[in-house]
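Produce the complete structure using the sequences and hints provided.
As a plain string of letters, each chain reads:
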Amino acid sequence: MARIYDDAAAALDGLLFDGMTIVAGGFGLCGIPEKLIAAVHASGVKDLTVVSNNAGVDDFGLGVLLRSRQVKKMISSYVGENKEFERQFLSGELELEFAPQGTLAERIRAGGAGIPGFYTKTGVGTTLAEGKEHKDFDGETYVLERGIVADLALVHAWRGDRFGNLVYRKTARNFNPNAATAGKVTVAEVEELVDRLDPDSVHTPSVYVRRLIVGHDFEKRIEQRTVRQRESA
Amino acid sequence: MARIYDDAAAALDGLLFDGMTIVAGGFGLCGIPEKLIAAVHASGVKDLTVVSNNAGVDDFGLGVLLRSRQVKKMISSYVGENKEFERQFLSGELELEFAPQGTLAERIRAGGAGIPGFYTKTGVGTTLAEGKEHKDFDGETYVLERGIVADLALVHAWRGDRFGNLVYRKTARNFNPNAATAGKVTVAEVEELVDRLDPDSVHTPSVYVRRLIVGHDFEKRIEQRTVRQRESA
Amino acid sequence: MPWSRDEMAARAAHELKDGFYVNLGIGIPTLVSNHIAPGIDVTLQSENGMLGMGPFPYAGEEDPDLINAGKQTVTELDRTCYFSSADSFAMIRGGKMDLSILGAMEVAENGDLANWMIPGKMIKGPGGAMDLVAGAKRIVVLADHNDKKGGHKFVKACTLPLTGANVVDVLITDLAVFERPDRSGSPFRLVEMAAGVTLDELRARTGAAFTA
Amino acid sequence: MPWSRDEMAARAAHELKDGFYVNLGIGIPTLVSNHIAPGIDVTLQSENGMLGMGPFPYAGEEDPDLINAGKQTVTELDRTCYFSSADSFAMIRGGKMDLSILGAMEVAENGDLANWMIPGKMIKGPGGAMDLVAGAKRIVVLADHNDKKGGHKFVKACTLPLTGANVVDVLITDLAVFERPDRSGSPFRLVEMAAGVTLDELRARTGAAFTA
Chain A
1 MARIYDDAAA ALDGLLFDGM TIVAGGFGLC GIPEKLIAAV HASGVKDLTV VSNNAGVDDF
61 GLGVLLRSRQ VKKMISSYVG ENKEFERQFL SGELELEFAP QGTLAERIRA GGAGIPGFYT
121 KTGVGTTLAE GKEHKDFDGE TYVLERGIVA DLALVHAWRG DRFGNLVYRK TARNFNPNAA
181 TAGKVTVAEV EELVDRLDPD SVHTPSVYVR RLIVGHDFEK RIEQRTVRQR ESA
Chain B
1 MARIYDDAAA ALDGLLFDGM TIVAGGFGLC GIPEKLIAAV HASGVKDLTV VSNNAGVDDF
61 GLGVLLRSRQ VKKMISSYVG ENKEFERQFL SGELELEFAP QGTLAERIRA GGAGIPGFYT
121 KTGVGTTLAE GKEHKDFDGE TYVLERGIVA DLALVHAWRG DRFGNLVYRK TARNFNPNAA
181 TAGKVTVAEV EELVDRLDPD SVHTPSVYVR RLIVGHDFEK RIEQRTVRQR ESA
Chain C
1 MPWSRDEMAA RAAHELKDGF YVNLGIGIPT LVSNHIAPGI DVTLQSENGM LGMGPFPYAG
61 EEDPDLINAG KQTVTELDRT CYFSSADSFA MIRGGKMDLS ILGAMEVAEN GDLANWMIPG
121 KMIKGPGGAM DLVAGAKRIV VLADHNDKKG GHKFVKACTL PLTGANVVDV LITDLAVFER
181 PDRSGSPFRL VEMAAGVTLD ELRARTGAAF TA
Chain D
1 MPWSRDEMAA RAAHELKDGF YVNLGIGIPT LVSNHIAPGI DVTLQSENGM LGMGPFPYAG
61 EEDPDLINAG KQTVTELDRT CYFSSADSFA MIRGGKMDLS ILGAMEVAEN GDLANWMIPG
121 KMIKGPGGAM DLVAGAKRIV VLADHNDKKG GHKFVKACTL PLTGANVVDV LITDLAVFER
181 PDRSGSPFRL VEMAAGVTLD ELRARTGAAF TA
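Protein chains in written order, with the working numbering: chain A, 1 to 233; chain B, 1 to 233; chain C, 1 to 212; chain D, 1 to 212.
Check the hints yourself; a few may be wrong.
[As the list claims (entries may be wrong)] Among the chain A residues that face chain C by a calculated CB cut under 10 Å, a handful are:
| id | residue |
| --- | --- |
| 1 | A9 |
| 2 | D198 |
| 3 | D200 |
The set of hints was computed from the structure by calculation and includes no laboratory data. Glycine included, each C-beta is placed from N, C-alpha and C at the ideal position.
Set out below in structure tokens:
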């Protein structure tokens with residue numbers, strides 16, 4: 001059951017502490033909880049472990065938390081868009097745990113679903129499986145991966161209702177519904193608050209959403225603006 | 001990518017063989033693939049292992065396959081509505097593997113998701129966990145449960161499009177979307193074929209659906225017709 | 001005088017706090033929803049894939065696609081949403097249910113619960129009960145204090161196959177309410193008795209040790 | 001004369017069969033969608049949560065909520081649906097993708113693939129590539145035959161950290177196409193060479209053993 005707050009700072013009040021783990025939705029800059037990330041930045045909370053597929057770019061999304069040195073460790077699948085990330089990592093200032101993207105998504109889902117571990121073929125035979133427990137099922141080898149539960153989950157949705165049911169839009173869905181399940185507390189930012197969502201089409205049930213804000217003037221930056229030419233008439 | 005067939009018998013042609021495993025959607029009699037089950041019955045295929053939360057009732061749903069002795073083994077969570085089931089089981093004619101309902105749902109999802117095993121707290125300390133591998137995570141004990149992949153999945157959806165994207169209606173969704181992922185081949189019956197589904201609201205992506213029929217005159221039997229009285233004016 | 005089923009349900013309803021997400025088992029637990037106090041906003045989960053379960057429909061408005069976990073026709077509310085069985089139990093296993101109220105055949109003094117099977121006789125199956133006791137934050141059991149032959153149901157140790165080990169927090173019978181503060185070995189404590197029931201009588205009709 | 005990137009993509013498009021569900025990696029693989037033959041119906045998956053990916057949008061119609069796995073703006077089709085990242089990789093890991101086309105830094109003669117990391121230098125991460133090679137039914141790799149310094153990319157054994165062990169089925173370079181019938185130890189076989197390339201030249205520019 002969500003309570004609705006005036007802004008991102010209010011919605012995060014009392015939830016942040018140094019050394020905490022935060023899981024955030026988003027893929028690249030698409031569907032990232034941009035208002036909530038900005039409020040985490042403004043709070044000054046530090047030594048964060050951040051679970052997110054990507055690390056934003058230098059001046060937007062999770063990149064701002066890296067630049068301000070609030071992040072101690074990232075758990076991600078791909079950080080190729082972020083120069084500051086690369087610098088901090090190569091200089092040893094930042095810890096990094098790489099997970100294959102599907103394994104990361106499943107670890108987040110598993111954490112939310114009360115599953116502490118599951119087996120996958122992904123990564124077997126690679127450095128990312130080293131030191132992890134392996135097990136054979138029906139003649140094939142799999143690696144044990146752990147569920148992730150975070151202190152706080154931050155998600156961006158398209159529409160929400162006053163109970164906290166959420167709907168995402170197009171590929172801005174990505175990690176958001178999974179992240180929403182994996183926080184001890186989940187805070188959502190939505191673009192629009194509506195009276196009623198189609199009950200057959202809710203992506204995140206209200207039980208997962210503790211706090212909610214309605215954001216305005218989202219930047220929603222596009223990372224790679226690719227277009228095609230109109231055929232001439 | 002679904003191919004559309006004229007009726008259930010045609011849709012199952014070439015897919016059935018004695019001793020096969022079938023996973024079916026439905027909870028009680030709600031959302032069961034009733035046309036497809038009837039066609040399995042008519043085919044006479046036997047020695048089936050059927051994975052389904054329930055076993056139908058004596059004269060409807062999976063119950064008809066039990067009555068005709070086409071089922072060798074059931075993997076279910078609850079079979080309380082079926083007298084014939086009880087008789088066959090107590091007399092040793094039918095094998096039964098009980099799974100807690102959530103474990104069953106997750107095993108089906110896991111099978112579809114390429115996960116051969118996962119750990120859960122559910123059932124630890126009960127007879128249903130006996131003989132299974134246990135493992136401690138963070139001081140708690142969990143039991144290893146196996147993913148389920150079936151030779152054939154049968155599901156009932158509300159609406160489908162010509163590609164095989166599916167949408168379920170209300171609590172008729174239940175095990176259907178999970179079952180749809182766990183068949184080597186999946187056949188769906190739908191109540192209505194539509195031109196276009198809302199892409200944000202598809203429950204089962206077309207990649208899972210190989211064959212499709214549009215059914216008519218579904219019985220959709222109600223097991224417990226419970227009503228309340230209108231307050232008098 | 002023993003409490004009626006409705007009185008037991010009303011007592012169980014006291015366990016529901018404002019904002020709670022609750023799963024009610026089949027049987028007496030279902031009645032609890034009739035006794036939720038005004039001002040207490042509770043969202044009911046039905047493990048077949050529904051959050052925000054409404055009351056039974058008016059006659060003629062039953063929908064075969066809209067049932068609860070007891071296979072009874074129900075209705076939806078403005079907060080309702082539907083999801084798959086895997087998602088439903090992800091929610092339960094993931095600890096998102098504040099409370100679940102279940103029936104019992106036996107409850108043991110160590111919190112063990114048996115409610116799904118009588119070997120060689122009854123083979124209905126666990127349904128979602130094992131998941132609920134493993135996942136919900138708090139488990140309230142509603143059951144008659146004794147079985148039909150007068151046998152104990154609140155026992156020293158369960159004799160029937162368990163639904164869950166060390167999972168019961170509150171036991172509400174037709175004679176009394178027992179509670180324990182946590183699951184770390186604390187005994188159940190008697191917190192309420194039906195009018196006219198004496199402690200001696202209660203002890204005589206109980207196999208389990210409890211503190212009074 | 002070596003094949004151009006577009007010629008390589010066109011050759012890779014021959015691997016797509018009617019009705020296939022296909023995931024195309026970032027870079028040259030993305031170009032493959034421009035070369036799908038008429039009459040071949042292929043559904044493209046984008047692992048960030050989209051099935052039925054359409055072409056780039058017209059200028060002015062870009063939607064920040066609609067991107068592919070390369071973070072490029074794309075469009076939807078009448079078959080499109082969206083889903084979460086966990087559901088997307090459930091599909092991939094569960095073996096529902098008929099084919100995936102990926103880039104490479106190194107491919108070894110035993111089918112090993114390395115394409116995600118250069119220790120101490122490049123730390124972009126695996127993204128979805130490890131999941132794709134573990135899950136898709138058939139893996140086609142598109143890569144230049146040699147690196148910019150003329151070094152081998154089709155090698156005896158990978159020196160870079162692996163993306164997957166024994167996963168490559170087809171290798172298409174700017175010089176030739178290599179294929180193996182299965183993953184049970186069969187060597188790669190040369191099935192095609194760019195016009196003007198000789199077998200001797202190819203062997204000189206290749207570290208891996210292959211049959212011709």
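The hints, checked one at a time:
no. : hint : in the structure
1   : A9   : 23 Å, violated
2   : D198 : 9 Å, holds
3   : D200 : 6 Å, holds
Of the numbered hints listed earlier, the single one contradicted by the structure is hint 1.
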